[in-house]
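Visitor: Using the hints, put the two chains back together into the complex; each one sits in its own frame.
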Amino acid sequence: MSPSFDFLPSVKNREATKLLPWAMAIMVYLSALFAAGSLLLHSGFDEWASSLQGRVTVQITGEEKSAIMSEALEIQDELRGTPGIKSVRILSDEEISALLEPWLGSGNITDDLPVPVMIDLETSDDAYVNLDALESQVRQYSENVYLDDHARWLSHFYNLANTIEYTAFSILIMILAASICIVIFGTKSSMAEHKKTIEIMHLMGAQDHMIAKAYQNRFMIYGIKGGLGGLVLTLLTIYILFILIQNISEGLVEIPSFPFLTLSSLLLFPFFFAFLTMLTARVTVLRELGRMV
Amino acid sequence: MIRSLKGLSLLEFKNVSMGYNKGHDVLKDVSFKLEPGSMHFLTGPSGAGKTSLLKLLYLAHRPGRGEIIMFGRDVAKSPREELPKLRRRIGVVFQDFRLLDHMSAVENVALPLRIAGGSGAQINEHVEELLSWVGLKQRMQAFPSELSGGEKQRVAIARAVIRRPDILLADEPTGNVDPEMAERLMYLFVELNKLGTTIVIATHDNGLVSKIGAPRLHLESGKLLYLEGTRPPSEFLNQDGEFKI
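Protein chains in written order, with the numbering used here: chain A, 26 to 318; chain B, -14 to 230.
No lab work stands behind these hints: they were computed from the structure.
List time: in silico DSS-like cross-link candidates among lysine-lysine, alpha-carbon distance up to 30 Å:
#1 B:K70 / A:K221
#2 B:K179 / B:K18
#3 B:K70 / A:K238
#4 A:K213 / B:K70
#5 A:K220 / B:K7
Same shape as in the complex, but just chain B (with noise of 0.2 Å):
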């Protein structure tokens, strides 16, 4: 398991660019290295390349030019056949929620397990589980235009990590919810993110970013600019220095 390998690297970017439809590249030579179980915020301006850079790791895009190890695979070249079983091991929570119209809030968070052959009584169990965890037991079967903004949230929440997936990618996550549910949400990032989840977190809110202390992966004009954690203020440390979110 990727999780127990300490000191590894799980996903590394080396001198990575990357352009679309041959314009001008709206990455440049980005390299980075993240470790197993490590959380760390993606920030930058608007256009900054943030979005492009989800899209790598996501496995929707091809860089130009670099190498992406990722699993120990350099899936800037792997075959695409390859892919699927990559992506299956990522876990994405996208800005729009993208949830299926036409499924139930328990059916979306289904798919990635029906999409990895799960049995019905097995899945049902499962997501019902994370469904409650994420505060919607009373709203599974209501479909996304029945869901307010913050539901429909947590149920593409539980759809990326139902599979406990070893990157989990979310893109503005607190962007279209309450500051209340800002900070449930955070600290549901941050649960999983104990329980060995790799987390990446794309965001404009810097109060969140000083507020967790996570490290951050800074983007200006397609350059990265790494820039190490600093610690959250003491207020949100209980005694044993964990979030008490």
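Next up, chain A with everything else stripped away, as it sits in the complex (with noise of 0.2 Å):
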């Protein structure tokens, strides 16, 4: 193993490199906004589809409130008689309240408003229930009677949502190639300002290895430095976002609470960039003196 010393000049005089650990901070910063993203949107579609799982509404339309309801009770029976199906449940007119308020505001639900009926079926996890079976058979109790498994507009959404976390992901490939450029422009251009100071080490018998070492270690740390500054700053991005949108969406959709452990992930950033800029110096310096005699 060759002998490692910092024989590179001080802070002060590194010009070309004094910028490398803010740029760092923008590209951790970037990518770590982009993972947090992905990985936010993939626990929360993940969480919320896995809630609708199992589940179909029915749901009974009509002109006449009494008769959908006496229409939806003998439903209800039936149903509660079929195999497969765990809980049947009309829901209260306060619940088809609450969930219409967000879109019609609080107090505008009258009675003369012709809300259906809608009845929440949960099925056995072990269960396969044929929604088109199930429909023709609720359907000689309602003519007007429609289930839904929310498959179809599940499956729009799980199209979105991977298009999104592919999206993200590109992003992110993006990010690291544009720090990659950064780090090899940085590396190259140190070697362009410390030319004299490398050409002297060389001549006096100084291995490639130790003067990639030299230009490594530094780099490593521009990487954790700008990486953790970037990260705080991401963290607190996200946090402020969080807040933003619990505010907003109230009443609109459930959002949980601060995902710590999803976002943990997001520590090792700053370490995998450090490495990543070390690498990339090393191998810049490498190939630098190897186009030396």
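Guide: Below, the structure written as structure tokens:
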């Protein structure tokens, strides 16, 4: 193993790489933000989709409230006797009003509004429910009955979520590529700035690995410094966004508590970037030195 | 050890030619041999190829043609990875000193030892001793910007000899100093040579060459004329025939 020591000039003289920690901070900030968005979207969507899994909503419409209610009661009885169905429950007027309130406003749901009656169905975990057969079964009690297992809507949502995730992943890759370019540029600039020092080291018998080690150690510190700064900014941004979303979506969607566990993986970002910076600097220095005799 | 191999060549150039960027050759068919413990001057007018020859000697360049046998290896064809170890056996005093501006005199001199992986205490002791020997005991912590031309030159020489190299190359070592300092530096080289170091000094100073009387490698338009050394004038020798500078 070649001995190592820091022969490069001190901080004040490092003009070429003075801004590198800032550039790394921005790169870590952007990548961590995209990764966090992707992670939150993924876990949030999974949680929400699994809550809809095994649930079917039965909707009965009609002009006469009492008529559709009696149809609903008959359908409820019918469904309770159907194998594979765990629970059947007619939603109360208050529950339906609460569902409509975010869209129609509080106190705007009057008695003359043709609000449908809704039945919430929960199927057994291991049961396969044939939605068409079930619909034919309940249609004998009402012509205006609709069943929805949310599958169609969920599939659209899955596609959207996947597209967003892939886009975030592509952006992440682009940020990584840009970071590598910045480090290569910084390393080359620094080498040009300290050309005389490197030449002297080289002529006095310093091996390429020794010179590369001095650079990789220094660039790793830039990576960690910038990375930690970027991470703090990311967590701060996510927290502020989370609070804002929580305030805006109050009553519309149920927002889970701050996902500390999910976001804990972001703690690896500064170290990953530091490693990437170190490796890129090392490879760049070795390649440049390889051109010397 | 190379120094004990009396009669064997430490360095040999066989029909070496060299040019830059595929241009015309600045060194043409150069052949010579240096014995261990010998001392030579490298002379010739400006543009004759002295610096190019020195570059080949301190392994900063490869020849276009020919063989350079150094320490028993053909360095013209040696893989890159082998060269650093060979470079550590060569000390170089550059005309422009090439000290590292961000390091003190003591740090500059310690550089070859640190590159070779020497330990801290050992390095300090050795470096301080050598800097005292070249008369810079009081200037050890000074940076190159705080040193005079002569002081820089002595730091550069101390750095070149700190590891007791097998070959010491000096490019115009007296070019930037006053006559008195030039004489002291030459005394230093002669002493090192007595200790067994092979020395090549590139110079324009004919007075210096005739004073020391060592053999000359004289270059003219890239061609080498190997001139045997003449005995120095008797006023420079003591009763035992040694230099009394």
